[in-house]
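These protein sequences, in sequence, are chains G and C.
The numbers in numbering that gives the first Met the number 0 rise by one with no breaks, and the one at position 225 of the first sequence is 224.
The numbers in numbering that gives the first Met the number 0 rise by one with no breaks, and the one at position 95 of the second sequence is 94.
Calculated directly from the structure, the hints in this document are not laboratory data.
Among the hints, erroneous ones may be present.
[Stated by the list, open to error] In silico DSSO-like cross-links for lysine-lysine, where the CA-CA straight-line distance does not exceed 30 angstroms:
#, chain 1, residue 1, chain 2, residue 2
1, G, 165, C, 100
2, G, 104, G, 145
3, G, 4, C, 135
4, C, 100, G, 4
5, C, 100, G, 266
[Claimed, not checked] Residues of chain G placed beyond 10 angstroms of chain C at every Cβ, according to the derived structure:
#, residue
6, 25
7, 28
8, 60
9, 102
10, 168
11, 179
12, 181
13, 183
Cβ atoms here follow ideal geometry from the backbone N, Cα and C, with glycine treated the same way.
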Amino acid sequence: MKSFKNHLSLIMAIVTILFSLQIFTITERAIDAYESNLKENYSIVVVSEKKISQKTFQQMHPLIKKSELISADHVLKNIKLQMKQTNIKLLKTALPKFYRIHLSKFPSPDQIDAITNAIKEHVGVTRVESFENSHNTTYKLLLLFKQVVLVLAIFIFVVTSLLMLKEMRIWQFQHTERMSIMALFGAPVWLRSAVLFRLAVIDALLATLIACIVFVGMVNYGWIESELDVIGIHITIFDLFNDGLSMLMLALGLSLFLATMIVLGHKEEV
Amino acid sequence: MDKVIYAHNLSLAYNDRETIINDTSFSIESGSFVFITGASGSGKSTLLKSFYGAITPKRGDLIVGGVELSDIAPKKLNLLRRHLGIVFQNYRLVNEWSIEKNVMLPLIISGYSKEVSTSQVEKLLRHVKLSHQTGKYPQELSGGEQQRVAMARALSHNPILILADEPTGNLDDYSSQVIWNLLQGANLQLKTTVVVVTHNIPKTLNLEYKHFHLENGVLNEVL
Ligand SMILES: Nc1ncnc2c1ncn2[C@@H]1O[C@H](COP(=O)(O)OP(=O)(O)OP(=O)(O)O)[C@@H](O)[C@H]1O
Ligand SMILES: [Mg+2]
Numbered sequence: 000m001k002s003f004k005n006h007l008s009l010i011m012a013i014v015t016i017l018f019s020l021q022i023f024t025i026t027e028r029a030i031d032a033y034e035s036n037l038k039e040n041y042s043i044v045v046v047s048e049k050k051i052s053q054k055t056f057q058q059m060h061p062l063i064k065k066s067e068l069i070s071a072d073h074v075l076k077n078i079k080l081q082m083k084q085t086n087i088k089l090l091k092t093a094l095p096k097f098y099r100i101h102l103s104k105f106p107s108p109d110q111i112d113a114i115t116n117a118i119k120e121h122v123g124v125t126r127v128e129s130f131e132n133s134h135n136t137t138y139k140l141l142l143l144f145k146q147v148v149l150v151l152a153i154f155i156f157v158v159t160s161l162l163m164l165k166e167m168r169i170w171q172f173q174h175t176e177r178m179s180i181m182a183l184f185g186a187p188v189w190l191r192s193a194v195l196f197r198l199a200v201i202d203a204l205l206a207t208l209i210a211c212i213v214f215v216g217m218v219n220y221g222w223i224e225s226e227l228d229v230i231g232i233h234i235t236i237f238d239l240f241n242d243g244l245s246m247l248m249l250a251l252g253l254s255l256f257l258a259t260m261i262v263l264g265h266k267e268e269v
Numbered sequence: 000m001d002k003v004i005y006a007h008n009l010s011l012a013y014n015d016r017e018t019i020i021n022d023t024s025f026s027i028e029s030g031s032f033v034f035i036t037g038a039s040g041s042g043k044s045t046l047l048k049s050f051y052g053a054i055t056p057k058r059g060d061l062i063v064g065g066v067e068l069s070d071i072a073p074k075k076l077n078l079l080r081r082h083l084g085i086v087f088q089n090y091r092l093v094n095e096w097s098i099e100k101n102v103m104l105p106l107i108i109s110g111y112s113k114e115v116s117t118s119q120v121e122k123l124l125r126h127v128k129l130s131h132q133t134g135k136y137p138q139e140l141s142g143g144e145q146q147r148v149a150m151a152r153a154l155s156h157n158p159i160l161i162l163a164d165e166p167t168g169n170l171d172d173y174s175s176q177v178i179w180n181l182l183q184g185a186n187l188q189l190k191t192t193v194v195v196v197t198h199n200i201p202k203t204l205n206l207e208y209k210h211f212h213l214e215n216g217v218l219n220e221v222l
């Protein structure tokens with residue numbers, strides 16, 4: 000039937016949009032998870048002749064989150080056997096302090112330089128190891144990921160806009176004639192547009208339902224999640240309550256916006 | 000007698016284009032049956048449009064059903080239109096609605112109950128000989144059948160004035176006869192004023208009618 004086909008085209012357009020949004024959300028979540036993974040694993044090692052408190056470290060650079068003293072015990076374990084206890088005690092006091100510094104976010108190469116310099120200026124610090132080379136490659140990879148997501152977002156935005164525009168033309172064409180006829184028989188504006196708004200709400204609900212079913216199925220099948228787990232990224236693919244709600248909001252927002260534009264743009268013909 | 004339509008020095012034009020109806024005065028009495036003839040492009044449809052407020056007078060006065068149309072507010076126009084029954088030259092049915100729903104439209108707009116509307120629609124579809132086509136959509140019907148649906152729609156809410164633009168324009172004899180019978184019945188039994196634009200006045204009518212002719216933008220009665 001014709002009217003069903005009309006429904007379908009709008010529903011499919013909305014489903015496509017919801018789908019893209021969720022894929023985009025998943026990608027963003029994956030990147031965020033990856034970035035926090037990197038942040039957790041990354042640290043700067045500082046060698047100092049004097050004791051430095053965590054507070055002092057934090058004052059050196061705003062990105063420094065916490066410091067942790069690396070115990071000298073296991074460094075000494077190997078030579079322990081051949082030495083007297085008193086000698087080891089002596090050696091321990093003579094040994095410099097090793098600190099592991101954790102940051103509040105994954106730094107850029109420039110930030111690393113800044114942090115290294117800030118620490119080096121401190122009295123007593125003899126060496127700062129930032130593992131710059133391996134950090135650099137990871138950082139570039141992350142940047143690349145982020146750019147891919149940005150391109151994806153722009154692409155989704157363009158496709159969405161085109162879809163909406165196309166739907167709008169179809170709707171305008173479909174509903175203008177009915178609204179004109181209703182006007183010619185004296186229907187008030189609310190009654191003329193009631194059909195349109197009812198359609199908009201129904202189609203938005205159906206589209207959300209379809210998208211939710213697809214993503215719930217995807218989660219249950221578990222393919223993407225396990226794939227991501229392998230590389231150490233643990234994220235939510237689809238949260239029926241939160242993601243479903245934002246899908247519903249988006250779908251309703253879009254279709255009601257469409258309907259409003261058509262009602263406002265409708266002119267009585269002569 | 001009351002005048003359902005009263006025009007004084009009426010001029011009509013589409014936007015800023017040349018006037019199509021030019022400084023014409025006439026009146027149509029309540030309860031009368033009126034034919035309007037005229038050459039193609041003379042402005043018959045345009046004149047009819049002005050009666051239901053789809054085109055506003057450029058100059059002069061136009062009063063329909065006691066309402067001045069020159070500067071009418073949209074709400075007031077809506078109220079007037081609920082008492083008119085319009086048949087368009089090109090049917091203008093809502094394609095995504097069944098024929099029942101199309102016929103029901105004026106009843107829905109006037110706020111009739113579901114039961115009243117449904118039985119009224121049934122009755123009218125019987126009158127236009129389309130009872131066997133219920134549940135169908137306009138595009139599943141022939142041109143003549145669609146025009147009969149449009150006629151049923153125009154009559155469904157017992158309007159005070161029927162405005163029909165070539166209702167039998169390209170119909171076969173059978174469909175034409177159904178439509179003339181209906182218009183005649185409404186006029187005789189319900190005292191509905193009927194204004195019909197047509198190219199040929201049927202010879203089979205059993206009633207008194209008036210004949211106006213439109214030429215050079217002026218409407219004159221043919222006596
Ligand atoms: N929507 C419109 N916009 C501008 N001009 C129009 C419009 N509709 C009709 N016209 C012009 O107004 C004139 C009268 O048209 P109208 O449709 O009233 O003629 P008509 O007498 O009904 O003709 P027909 O017998 O062919 O139906 C024509 O010259 C036509 O080109
Ligand atoms: Mg015409």
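We went through each hint and held it up to the structure:
1. G:165 x C:100: holds, 29 angstroms
2. G:104 x G:145: Holds, at roughly 15 angstroms.
3. G:4 x C:135: holds, 17 angstroms
4. C:100 x G:4: holds, 20 angstroms
5. C:100 x G:266: holds, 24 angstroms
6. 25: Given a closest Cβ separation of 38 angstroms, the condition holds.
7. 28: Correct as stated: the minimum Cβ-Cβ distance to chain C is 42 angstroms, above 10 angstroms.
8. 60: It holds; residue 60 of chain G is separated from chain C by about 67 angstroms at its closest Cβ, greater than 10 angstroms.
9. 102: Holds, because the least Cβ-Cβ distance between residue 102 of chain G and chain C comes to about 62 angstroms, which exceeds 10 angstroms.
10. 168: holds, 17 angstroms
11. 179: violated, 8 angstroms
12. 181: violated, 7 angstroms
13. 183: At roughly 6 angstroms from the nearest Cβ of chain C, residue 183 of chain G sits no farther out than 10 angstroms, so the non-interface label is violated.
Hint compliance for this structure: hints 11, 12, 13 are broken, all remaining hints hold.
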